[in-house]
Structures are given as structure tokens and as C-alpha cells.
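Student: Hey, can you piece these two chains together into the complex? The hints should help.
Residue numbers (the numbering used here), protein chains in the order written: chain A, 1 to 458; chain B, 1 to 593.
Since the hints were derived computationally from the structure, they do not count as laboratory data. Treat the hints with care, as some may be off.
[What the hints assert, rightly or not] Taking CB as the label site, the calculated pair distances span:
#1 Ala219/B <-> Gln49/A: 32 to 38 Å
#2 Ala219/B <-> Arg152/A: 29 to 35 Å
#3 Leu167/B <-> Glu184/A: 41 to 47 Å
#4 Met265/B <-> Gln49/A: 48 to 54 Å
#5 Arg152/A <-> Ser244/B: 20 to 26 Å
#6 Ser186/B <-> Gln417/A: 53 to 59 Å
#7 Asp331/A <-> Leu167/B: 27 to 33 Å
#8 Glu186/A <-> Gln352/B: 57 to 63 Å
All of these numbers come straight from a predicted model, not from anything done at the bench. Note that the Cβ used here is the ideal one computed from N, Cα and C, for glycine as well.
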Amino acid sequence: MLWLSYIMQQKYYSVPKDENEGGLVLFCCSHQATCVQYRLVVRDVSTLQILQLYTCLDQVSHMEWSSDSLFILCAMYNRGLVQVWSLEQPDWHCKIDEGSIGLVSSRWSPDGRHILNTTEFHLRVTVWSLCTKAVSYIKHPKACQKAVDFSRDGRYLALAERRDCKDYVCVFVCDDWHLLRHFETETQDLAGLEWSPNGCVLAVWDSCLEYKVLLYSLDGRLLSTYSAYEWSLGVKSVSWSPSSQFLAIGSYDEKVRILNHITWKKIAQFEHPAILDSTKATVYKEVEKRPAVGSDEMSLHSITIGTTLFNTQSKYEISPLPVQIPVVKPDPDRANPKIGISALAFSSDSRYLATKNDNMATAVWVWDMQKMSLQAVLEQTSAVRCFQWDPLRPRLALCTGNAKLYLWSPGGCVSVQVPAEGGFQVQSLNWHCSGDSVILLGKEQLCLCYMDTDQEDK
Amino acid sequence: MGEWWTTETSMENYEISSISHVTMSPSRRNNLVSMYSFPFSKSSYSELSAFCIEDNIPQCISYINQELASLGLSSTCIEAISPGGTGLSTVPALNAMYELLQIHRRNMCNLEELEREHLRKSSTLEHVQMSNTRLKDQLELSIREKSGLHETERQLQLKIKTLQSCLKTEKDEVQKLQSVIASRASQYSHDAKRKEREAVKLKERLSQLLVDRKDKKLAIDVLNCLGRADGKRRHWKTTKATSSHENEMYKSLLSDYEASQRSLMLENAELKKVLQQMKKEMMHILSPRQPSIRGATADESQEQADLDGEKGGDTSRESLDQYCEHAREQLTNSIRQQWRKLRNHVERLDSQASQAQNQLESKEVIPRETHEDEMERMRCEVQQCKEFIHAQQQLLQQQLNTSFDDETAALLNDCYTLEEKERLKEEWKLFEEQKRNFERERKNFTEAAIRLGREKKAFEEDRASWLKNQFLNMTPFRHRRRCSSSDGQSALSIRSEPEIRMSSVNGQLAKSSTYTTFSTPRPSRSAPVPSTTELYRTLRLIPDSSSSRHSNRGRWPECSNIEDGETRVRPTNGLRPGDMSIFSLGEDENSLT
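Extracted from the complex, chain B is given alone in its bound form (with noise of 0.2 Å):
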């Protein structure tokens, strides 16, 4: 089976292997894949077959070496120590598993890389897919857009046709219309004038019936003749008179007309005349300031010339023109000359006015801009300055350290540390002064601290055995004479009997004589015979108690004394007392404690 198997996979690879070979620079990597991929597959299909047994040694061995020839390790040949035999030569064995291992980790490098290239692909691909996707919907929605457009510009193109078609059938009718109503017009009228006709001969009838009637109503009854308005006698209708009429009515119209004229004759002087002020007006104006624009520019000044000589010629003209008709012409011409230079002249004086006024505009800005020069100029002279100092400053220091070589320049400079040594001196002195009265303050410290410490002590002692003492008493019931000072004793004092306290409290107040203003209220509490309540407040302890006794911020007597003593110790060593009550406080703290 082994045999089998080894020949079908020899097969297979060289099979493989010739195809890398072929391939192999192209694709190396697909190739070394499927290489490995291959005894992978092997060692999972059987284990039972191992590739290399005992028996099979050189085969594998030529296997491997042609193997590794394959992959281009022709150098390292793997070759047995002994021919038949089972070892192996180690160097290029190991040689060859090194390559091996390097190719393999190269390989899985390459292999990551390509993994992570193909996670970038395909997270890119991702997203090349949504934004396709996107794109797509954006498509699919635009689509529809373009076709609800389409369908809107359908229907107002439908629109249109249906009002263009409206539009002309109202014209249609419109032109109907028109032409009903020329027809109408024109029947009307047609009808009118016949109607006319029809009156006119009925009108033609009835005159001429009521003057065939030879109506006798028809008269005037005059009672005399009236005399004309004017006093004349009636003219005879002949020729003449008519003639005469035609004369009248013509020389009407002749003196009508001639009154026009001379109306407009008279309008034409007065314009005349309006024309000729204003002429000698223009000249007026324009004479004086000749010399003006003439200093202002050279061809200005040349066309003033030009225009003064035109001028004189005007002025000739002028006479003429007041008794020639004829040049009316002329005249217009002339006017229409002046003016044209009056204008012109106009135009030059806006521009001027302009240019000075754009002038004094600029003189506005150039103080403006002198100032800033100046400023400028003024902040480089300060620059200019500040180099210059800085410059010397430099120059100095350079000369100060050149010159500290120098031995005047020591000398110079032992001067200066002379002085500061002086000075120095005096200090170390007052520092030194400092020094000593801290130490002496320190040393009363200690001693205060070693005083405190012994009467400490002393205390304890005291206390010590005045504790005894009162253990000592405490063992045989009902003794007046001693009570506890700390509270776990008094806790334990309570609970064996609470008439103690009560009792204790009172012998207490017996003995303390410093607290003898406490006294009042405490018999008045202690008076009546103790109760369960009693009992049991007691029980509650301390808080209680404490709050039993007001004034004293609920400080046991043995509090107090030890703030007695307190009292006491600081008159003894009242060199400061400030710090005095600190240091006692602190150690007054940790006695506490």
C-alpha cells in the first residue's frame, strides 16, 4: 500500500513539478501552494502510510532531492551517510529543512499579504458593490424621474395642442367675428343709407306737397320793414357781389394769414434776439477764460485759437445776419458751430473739473502716503538704532570676555568679586545671626518637648495607678471612692451596676474641685432613686451621658483633667506660646490616642 501510494504521489508530483518547472517563474506561488497544499492532504487522507519507513530511505531521499532541485535548491543535496544506511548527512539536511523553513516563511508572508490584499480587494469590492448599488438605485430613481418628466412634458405638451388649438379656434372665431361684424357693418350702413335715401324722398315729398298745398300759414307778418344793422341798403345778387364775397373772404384769409405771419414774425425776432444774447452770452463766457485753459495745456489753448478766430468771422456775421433773410443758414450753421464748441468746451471743463477734482484727491492721499514713508523711514531708523545698540552690546561682551584673559581685566574683575565677597560676607553674617537664634529656639523646643515628655510620663504613672487603684476598689461592690476613666472601663462599670455611675458621678463631683460649678445641676438629676429607664439609658452608654451633662462638651472628668494639666504645663514653658500650644496639642492628640 505504502508503495502504491508513494508511487502515485511521485507521480502526481512530477507531474506538478514539471508543470512548475514550466511555470514556474511566472507563477511561483500558485505552484508553491498546491505543493504544499499537497502533502497536507496526503497526511490527512491515511495516516497509516507515513512518507518515509525504514525501507524507503534513499527513495525519499532522491525524492527530496529532486524535490528540492525543483524548487531551485540544487546546491544542498540531502544524501544518506551510508548508502543503504538510515542516517542522514546533518549539514545539508539541515541546509535543506532551512531553505525549506525560509521558502515556507516566505511564503506564509507572502501569503498574508496576499490575504490582507485580498481582504483590502475585497472590502473594496464591498464597497465598489454598494456604491454601485447606490448608483444603480440613484439610476433607477433618476429613470423614473426622467419618465414622470417625460409624462409631465407629454401632458403639458397635450396642454399645449389643446390651447393652440383653443387659440385657434378663438381666433377662428375672433376672425368670425370680425367679418360677421364688417358683414354687419357694412349691411348697416347699407341700410342706413337707404333708410337716408327713403327719408330724403319722403322729406323731397312732403316739401313738395306742402308747397303744392300753397300753405297761406307760411308768411311773415312784418308791421314795418327794419332798416339793416348796419344802416345799408341790400345788395342785388350779381356776379360782382359774388366776386366781391370771393374778395372779402380771400382778403379775410390774407389778413389772417398775414396776421399769423406777423404773429410769427414777431415770435422769430424775439427768438432771434434770445439767439443773438445768448451768441454774445457764449463769447462773453468763453472770452475770458482764454487764458486760463490756455496755461492749462498747449492744444487746448491752439483750438481756443482756432475757435476765437471762427469767432471773429461769427461776429461779421452777426451784422449780416440781422438784415439778410437769406442766411438763416448761415446762422444755424454758426449756432450749431458754437454751440457744438460750447459744448465741446463744456465736455473739456467737466473733464478738468474732474482731473482737479481727481488731483486735489491725490493731494488728498499724498500726505497720506508721505506720513506712512515717513513712518517707515522712522521705524527703520529705530530698527537701524536698535541694532546698533545691540551691536554694542555685543561688541562689549565680546570685549569683556576677550579682555577676562587679559590681567588688567582680572584686576578689573577681582575688584567687582572683592566687592561682592564684601557683600556676600555681611550676608553670611546676618544669615548666620538667623541660624543661631533658630537654634536656640530649637533647643528651647526640645527641652519644652523633653519637659512635656517627663510630666507626660509622671501623668501616666499618675494614672496608672490610679487605674490600679480602681480596679483594686472595683472587685468588692458598692465603693464610693473610685469611678472609670476610660470608656470601655466605664462600659464595664455600667453593665455590672448602673447605680455605680450614678454614685461614682457623685463622688466625683465630691472630689473635683476644679468643677464645682457642675455641682448644682447634678444633684437635682441624681437625687431620685435610679429607674429601669435610667438603667437602660446608661446602657445606651456614652452619647447619652454625655448629653446628660451640657455644659462640658461631653468630656469625661479625666478629660478635663488632662486639660487641667494642659493648663498647667503652659504657663511652665511660655517662651512662645503660639507654638507652644501647637507642639502641646499634638502631643496632647497622641496622649489621646
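Chain A on its own, in the form it takes in the complex (with noise of 0.2 Å):
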């Protein structure tokens, strides 16, 4: 297997535990910012090593690079304060107040020159120029699970905005915050919207009450409406391929439905059957092997290296068809069902799309957009916790909050162990935009991997 030969670096260091909330980490192409509590680390990403410390006003409960990699923003959302750190001029620092109208959330504008603050209750949405000291309003901002989405090229930005029980779209000009184009939409409650990777549709979709996508152009014309069906809680999630040329629609009736991007019809629909019987589709089930442990080793050898009692083996195996996957009935009683499509991920080359079905938290399926067919189903020992497609690869990292990180690639899917010492449990991870490192990210540690990019070349 392809995967066997893969040579794991791992690095791993341990962060100081702290009452409130996680350590937080971020990557940029070169750097890794990580910050416990008030003091913001940057490191070196090949070599981990320190190369600048901040020191913030309080607790930083957000941080997020500047698109060139240049700044940091740290926001302490308790003290309504913004300060954005310089790599480059570490004595440069800026620090926005947004005083006693509350800060929920921040986020850097696309040319990583303004910070776009939503203020408590969703009053506005303030827009902070560190070119001008400008500030700009932008009023009646939705809250909602997805009310801003900036176009991949950073020139646009569209907003969701609720006024008078009414849903709009602005879409606004990055580079002066001139207001393009204001429309209402035909939504009874606008859940999010999204623009295409090419940044000329705009796909708005309605809360869950309501299965309804709707496709707008860059100048608001209502290019499409689509709907699956009525009465029954509609659309989960929604994602665009890198392509653009499909939009995959997850909903509440487990089921994914891709969208063409020229008539925006319904080319395919992709169904997540609990038994799996007469499909092409190879199904790995994790195989979970305690490892043999003598009465003698037990003694001295299980003391010294005390963390792989714990750390339990794993491999995958090809399961013979027919398959059935576990799966959880929702309680009908409570809001938010644990059903339906929650995520939905394309590879980079827009070949792949990995989905996972909530009612069947251990499975991640892969289905092959080209044959539009189910390609692989990995069945995890238990519920997957998070996955991401590799930024330059068709190649899948899955944790699924053990010490273990599972990758699958068309040649195959293997399982890899973790060597952290104590109970180290990957919570999230996150590719490098090399798409040579992973991070995983534990309660109290963090874990790079590194693959060994030369050996898959060959």
C-alpha cells in the first residue's frame, strides 16, 4: 500500500492546561500561531521554532492571520477589544475598541487591510480600515449560520441583512465597501449564503424549515430556485466544488443532491443507505486489535510506556458486501435532529466529495463525482469528529477524537497512530496549505504531521 511507505515526523509539545478554554492554533503558509490565555506564540512551521511573542490585553478568544500572512488579529470578545499584531514589526500594534455595544465576532476583509467586527445583538457590523482609521456601518446584519461570505477572490462581499422581516443580499466592493448590489430575496428565513469559487453565483439558502436554494448572479438576478421537496426540515448544509460547477445540497432526508452549474437541475442525487448491498464502492471498516500483553511485560514494560495500554491498534479492513452501518435514531422531541447531511467537503480537484451523515456519525463516505457514484465508505470504530481534504490532493484526513489519524486516498485508506504521550485524543485537525503537515489538535496538546511528500513522488 501507498500509505504504509508514508514516513510520519511528528513533533508534538505539550501546552499548558488552562480552566477555560483550549489553547488556540493557527496556521499560515509559513507560520503557526498558537495562544494560551493572553500570550500569542508564533512559531516557524518546518522547525517549530519560536519567533515572535505577544502579549494581548486578556483572553484571546479568536485569532485569525491577515490573508498575506503579515498580521494577527486577536479578539477578546468579553472585553469587546480587537488587537492585531505585525510579524514583520513587532513594535507595530493596533487595538480596536468597540466599546460598550459588544463584540461577537471578528474577521479579517480579504485584503487584509480592514476587520470586519459584528457587534452584540447583530446591530452592525463595523468595518475597521488600519489604512484610514476609517470605520464603516453596515446595519441590520442577520444572525444567522451563515450571514457573511467574502468571493474567493476577496472582491466581493455579500451580507445577509434582515429589514423589516425581509430578507436581502448586499453584496458590497471590497475595496471601498461601496455597496454593489442590494436585493431582497425570496426566502421565508435565510439560513446562509456562499458564493461559487469563481465568484459569480451566489447560492442563498433558506432555513431548514423550508428545502429552498437559490441562485443569484454577481449583479442579483435570480438565476435559479431550487427545491427537493416540501413540508419536511430541508437543506443541512451546502458546499460548492472547487470547480464550480456543482453545488452539493445536503439535507435532512440524508441525501446529497448535486446541482449542475448551467441549468441548475439536479444532475445527481446520492443516497446514504444504512445496508450497502450491490454497490462498486469499497467499504473499510476499522478493525480495532487490543495489543497481547504477557503477564511478564505487564510489570516493567507497560509502566515505561504507559500511553500504548491505551492507544489500542487499529487497521482497516475491506468488508465483504452486504454492509450495515450503524445507525442512531434521531429523538423526534428535540430541536436540531442528529440526521441528515451535516458535512460536505469536495477535494481540491473537485473529484471527490466526502459527506457525512449525522444519524451514522462512524461513517464518511466518498463518493466519485465523475461516475457520480459511491467510491469508498469508511467505517470508523467510532463517531468521526472532523475531516478535511488535503489543499492540493485528493487525499482525506479524518480524526475521529482518539490518538489516531486516518487518511484515505483512492489507492487505499490507513489508520496511523499518534505517539503523544498520555491520552492524547485528536479533536480537529487541519492541513497546512502545503498540504504536506496536518495539526491535530487535542484538549491540551497539539500534534504536526508531516508527510513524507518524496516518497509519495516516487
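Tutor: Next up, the structure:
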């Protein structure tokens, strides 16, 4: 197997325990920032050497690299403060105080010179310019799943607006925050909006009470409306393919519908059945095997490397069809039932689509977009926490809250033990933009995992 | 009394007869029956009055005549020999009687028949009644079933009704619920809107308040302002800028559309290429097969020719299509046509293939058929040959038969018979010889038999003499010389004295020289003094005594003597020992019985 040839270089270091919140870790292309409480540490990605150390005014709730990786934004929501640090000029500093109006969200604009702060109660969005110290307000932003989205080229900002009990979309030019378009959408209760990667089409979807997806052109024309069904709970997640060719819509009926970019009609529908039979897909089932420990081995060996005792080995086995995937029936009395497609992700080459059905939490489904069919199913032993595609290659990394990293590629599937001490549990993961390393985040530790690309190239 | 009766009866009879006259033809039987029943009843009525007495003979005669006339026997009229006399002229009377008897018999026959018929009828009636009852039962049963079914149907209908009502109520409920939901939804949305408005108002107020407070905190504190990422200066917000934004937007849109159009064009071109290739390949596929198809059928070749003609046009059109975008319709049309043709062609090929297959199959069948034909033919030939042979044989036979009369044939025949005679003679000779042999043997047999008979006679004489001696010796007791030979005698002897037997045995032992071997066990038993037990045993007679003589097969010495005689006979008449033994045994048996 290709995957076995990978040599994993793992460097880990422990993060001091934090009472309130885990440390924040952030990647940019060359740097990695960690922040514990009010201390911000910037390290080099390849060597993990400390480059800069900053001290913030309060406990940092959120931090973000600017697009050019020159600045780092640290938001302290409970103080309503935002601090910006420069990597090039360590003595440069910037502090934005939102005052008593409060702060719930802070983000960089794509140009890296403006900061968008959303005030409490979504009263307004304040746009601060670091160039001119100018401030501008955007009123009536909508509090919803995804109310703000920048187009990928960073030229336009789409913002959902609620005014007179009606949904509007504002399109701003990010250059000078000029309101380019302002139009009302045909939604009952807009839940989110997302630009197509080419920045010409805006997908807008209604809240889960109604299955409705609207597609608007950049100039505000309604291109198409799509609704698969009525009455029952509708859209749960939406994702564009990087090529802007497909729009994948995951819904509460455990199906993914793929719309094409020419007619905006459904071209495929991916179902997630509990019993898989007569499919060409490969079903990888994670099998745990506990290390057989002899009585004499127990005495010394286990104490010295006690961590491995907790970490059971596991491997993937290709299970023969038919396969029954464990299903958890959601409680119908509770809101936001754990059913339906909650996560959708296209691979960087738009070739594969990874999905996760909430009532089959242990399975990740990978679909082939060329054949429009199921390619593989990864059945884990525990619930999948997070999965992410390699930004360059068709390679999927996922974690399930244990000390293992799982990788899938069209060639196969592998489970890698993280050689960390203590009960390291991978809660989430992040690919580096170069695609040759993954950062694994535990509760108290983080671990960097480097892929040996030379081996792969062979 | 008698007079009165007669008149009475006559009166009645008249009436009956008149009636019978009237109803003679339709129902003769009834009449007859009634007429017959009358005399019986009368006779049973009174014994005193007879029909005919000395005094009323003429009346009787006349009455009878009348009756006979009424019966249609008018031809025979009973007459008295002498008027007033008692005698009757016998011939008519007998005739009348005969007639009457005939009628009677006929009637009886009729009666029997009727009875039979009656029986039959009654049986059928019974049958019919039975079936009737059965049918009635069935009817009842079915009626009951029907009622049951009716009941169930009624119940089902009731159920249906209830279910329908349930459904109706459910539907109503659903409708109600729907309306409730709708009202609630509208209420909810209304409330939500109200709340939202309030919230908006609150937010407005809040922001106003915050703005009014002149919050000093709300500020940005930057060490020094940054340059733009692209290094440009910031634009002024002018109409020019807005228009430029618009332009940029449209530009990007346009570029996007252009990009998409380009990709579509590319795709289109690809598809066109594929189409062209397909076309070429189609042509390529279709063209080399034309001759073979032409060879197949005439009309097909014609069609093909048409196709060719069109194809020529198509090829000329192709070049047009490549350059002219507007000729898309033509292109699609041509493609469609070609496709249709190809399809037709393929279908034709299919059908041809199937035909070919059929032909192949039929070819496979034909040899079988020919085979069978051949077989049939061969069989016919064989039959013919057989018939031919048979005819020849018959002809030969006929010829033989016909030539029997001919003298030449007779001569030939004689030749055959002579040969036969010779053979027969030889056989006869053989037979004669055998016969002679048999005769000789028979003679021998008879001689042997005679000799045997003589010897037997001698033996009988011997025995008789011996018996006589024995008997004579028996009367004086305690004589030890002789012993009884036959069973009965022995019994007698034993009854007289048991002692004798033992002694006689002893005596015999001494006497018989041939059975010396048996002498050894004997003395041991006979030696002790005979007791009462011995006596009883002897009283129980032969079996015990025979059992006492083990190895002599229960035979008395006399028998052994006979055997001895036999053995002596055997060597004397020993021509054919097997046959002789049989004969001797037979004789022996005779002698014993």
C-alpha cells in the first residue's frame, strides 16, 4: 500500500493546561501561531521555532491571520477588544475597541487591511480600516448560520440583511466598501449564503423549515430556484465544488443532491443507505485489535510506555457486502435532530466529495464525481469528529477523537497512531496549505504530522 | 236368494259392461281388472250361492254369452246342446274358455308388467324423493349459508360504515389539525414579526443611545497607518468610482460568461469532433457491406443505393457544417437521418442474422428429414422385397400344387417319397431292434417275476408250516423251541406269559445264525429275573420291545428273515439290478401287507 510507505514525522509539545478554554492554534503558510490565554506565540512551521511572542490585553477568544500572513488578529470578545500584531514590525500594534456595544465576531477582510466586527445583538457590522482608521457601519446584519461571505478573489462581500422582516442580500465591493447590489431574496428565513468559487454566483438557502436553494448572479439576478421537497426539514449543508461546476446540497432526508452550473438542475442524488449491497464502492471498516500483553510484560514495560496501553492498534479491513452501517435513531422531540448530511467537502480537484450523515456518525462517505457514484465508505469504530481534504491532493484526513489519524486516498486507507504521551485525543485537524503536514489538535496538546512527500512522489 | 244375487250381479255387470263398452278402447285394462275382481269378490262374499245351478243354466249361458260379447268374443257363442238341457256344446265353450284364458294370461302379463313398472316407478319415486330431500337439505344449508353470509356482509358493511365514519372523522381531524397548524404558523409568524420589529426597534434605540453617549471607547488605536496591500491609494467615493465598480462587476460577469462559453464551445467542438468521427465510422461501416447486402435482396440494395446518394450529399454537407454554425439543424437532421438509417440497417442485419440462424437451424433439420426420408424409403424397399419374396414363394407353392397333377411332377414327387421311404425304413429297422430288445427284457422280467412268485410261494408255505408248528408248540406251556412271528400272535403270546417272550428271544438268538452280532447285548438284559415292570413293558407291546432292540431298526427277526430272503433272491435274478430291486421291493411290500 502506498500509505504504508509514508514516514510520519511527528513533533509534539504540550500546551499548559487551561481552565477555561483550550489554546488557539493557527496556521498560515509559513507560520504557526498558538495562543494560550493572553500569550500569543508564533512559530515557524517547519522547525517549530518560536519567532515572536506577543502579550494580549486579555484572554483571546479568537485569532486570525491576515491574508498576506503579515498580521494576526486577536479578538477578546468579553472585553469587546481586537488587537492586531504585525510579524514584520513587532513593535507595531493596533487596538480596536468596540466599546459597550459589545463584540461577537471579528474577521479580516480579504485584503488584510480591514477588520469586520459584528456587534452584540447583530446591531451592525463595523468595518475598520487599518489604512485610514476609517470606520464604516453596515446595519441590520442577519444573525444566521452564515451571514457573511467573501468571494474567493476577495473582491466582493455578500452579507445577509434582515429588514422589515424580509431578507435582503447586500453585495459590497471590498475595495472601498461600496454597496454594489442590494436585493431582496425569496426566502422565508435566510439561513446562509455562499459565493461560488469563481465569484459569479451566490447560493442562498432557506432555513431548515423549508427546502429552498436560490442562485443569484453577481448582479442580483435570480438564476434559479431549487426545491427538492416540501414540508419536512430541508437543507442542512451546502458546498460548492472548487471548479464551481457543482453545488452539493445536503439535507435532513439523508441525501445529497448535486446541481450543475449550466441548468442549475439536479444531476445526481447520493443516498446514504444503512445497508450497503450491490455497490461498487469499497467499504473500509476500522478494526481495533488490542495488543496482547503477557503477564511478565505487564510489570515494567507497560509502566514505561503506559500510553500505548490505552492506545489500541487499529487497521482497516475491506468488509464484504452487504454491509450494515450502524444507525442512531434521532430523538424526534428535540430540535435540530441528529439526522441528515451535516458535512460536505469536495476534494481540491473536485473529483471526490466526502459526506457525513449525522445519524451514521461513524461513517464517512466518499463519492466519485466523475462516475457520480459511491467510491468508498469509511466505517470507524467511533464517531467522526472532523474531516478535511488535502488542499492539493485528493487525500482525506479525518479524526474520531482518539489518538489516531486516518487518511484516505483513492489508493487505499490507513490508520496512523499518533505517538503522543498521555491520552492524546485528536479533536480536530487542519491541513497546512502546502498539503504536506497536518496539525492535530487535542484538548491539551497539539501534534504536527508531516507527510514525507518524496516517498509519495516515487 | 240366489236369484236375487244373480240379478244384482247381472245388473251391476251390465252397468260395468256398459261402462266398459264405452271406455273399452281407452282403458281396457281397468275394465278387465274390475271385471276380474268381481267374481272373486262374489265368491268370497258367499259360498252358498253359486253362479250356476241346475236351474239357471240358460240364463248363465246367456249371461256368459253377453259377457263374452262385451269382451269382444262374440264369435264364440256358448250354446246348450239342447235347449233347456244341462249339457253344453263343448267346442264353443272350450273356445270361449281358451279365449278367456288367453285374455287372462295376457292380463296377468300386463299385470306383472305393470307391477314391475310400478316397482320401478316407486323406486324411481323413492330415488327422486331422496334426492328431493337431499336437495331440500342442500337448499336449507345454502339458505343458512346465505343468511350467514348476509349477516357477515351486514357486519362488514357496518364495519365499513364505522370505518368510513372513522375515516371521515380522521379526515376532519386532519383538516382541523392542518387548519390549526396553519393558524398557529400564521400566528407564530405574526408574533415573530412583531417580536422582530420590536427587536429592531430596540436595536435602533440601543444604537442611538450608544451613539448619543459618544462612547469614547469606540475607537481605533493604530501606531501608524498601513499602506494598502496592493500599494494603491484609496479612491474617493465618486460616481465615477461606482460606475467603475459596476463596470468591473459586469466585466467579471462577462469574463465568467465568456469563460463558460469558451468551455462550452470547447465541449461543443469536442462533441462535434466525436460526431464527425462517428459519422465517418458509420460511413466506413456502412460502405464495405453494401455489396454483400446488395447481394442479399434487391429492394435492400435499392435502399442502400438511396442511402448512398444521401450520404454523398451528407459528405458534401459536412464541409459546410464544419464552417457554418448556422447549419446546426441540418447537421442534427443529417445525423438523425444517418442514425435512423444505421438503426434500420442494424435492425435489418439483426433480422438477417436471425434469418441466417433460422436457415442454419433449418439446415440442421433438413439432413434429419432427409435421413428420415431415406429411412422410410429403405423401409419401403425392404417391405417391397419382402412382398416380392412372399409372392415368389406363393408362386412356387402354387406351381408345386398345380404341378402335383402333372405326371412329371408326380415322378419328381415320387423321387422325394422314395427317399423318404428309405429313411423311414431305416428308422423302422432301428425301432424294431429296440422293440426286440424291449421284448427280451420284458421276458426276463416276467421270468424273474415268476421265479419270485414261486419262491414267495415256497416261503409262504414255509411260514405256514412254521406257524403251524409254532401254534402247535404254543399250547403246551414252557416250550422253548418256537416263537411268534406276527404282531398279533406275539401279543397273544405275551398276554399269556411274559416269561415266554424273553425265553423265546433267547431261543431265537440261539436259532438265528445270521444275527450273531446281536447276541451280545441280549443276554445282559435277559439274564436277570423278569420282574413286573418287565411284564408291563411287554404289555405295552412292540415299541418298547423294538426300542429295546436298538440297531435292528425295530424289526423282528422274521422281517430280518424276509430281508435275508431278499438278499438271497437278488443275486439269483441279477440281470438288471436297479429294475429288479424295484420289482422286488414292490413284491416285498405286497408280501408284507
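Student: Is it true that methionine 265/B and glutamine 49/A lie within 48 to 54 Å of each other by Cβ?
Tutor: Distance hint for methionine 265/B, glutamine 49/A holds at roughly 52 Å.
Student: State, for the Cβ atoms of leucine 167/B and glutamate 184/A, whether the hinted interval 41 to 47 Å holds or is violated.
Tutor: At 44 Å between Cβs, range holds.
Student: With 53 to 59 Å as the target window, see if serine 186/B and glutamine 417/A comply at their CB atoms.
Tutor: 58 Å, holds
Student: Falls inside 29 to 35 Å, the C-beta gap from alanine 219/B to arginine 152/A?
Tutor: Cβ of alanine 219/B to Cβ of arginine 152/A: about 33 Å, so the range 29 to 35 Å holds.
Student: Aspartate 331/A and leucine 167/B, beta-carbon distance inside 27 to 33 Å?
Tutor: Given range 27 to 33 Å: holds, Cβ gap about 31 Å.
Student: Between arginine 152/A and serine 244/B, is the Cβ distance one that fits in 20 to 26 Å?
Tutor: 21 Å, holds
Student: Using the beta carbons of alanine 219/B and glutamine 49/A, state whether their distance is inside 32 to 38 Å or not.
Tutor: At roughly 36 Å between Cβ atoms, glutamine 49/A and alanine 219/B fall inside 32 to 38 Å, so the hint holds.
Student: Taking the CB of glutamate 186/A and the CB of glutamine 352/B, does the distance hold inside 57 to 63 Å?
Tutor: 60 Å, holds
The structure meets every hint from the earlier list without exception.
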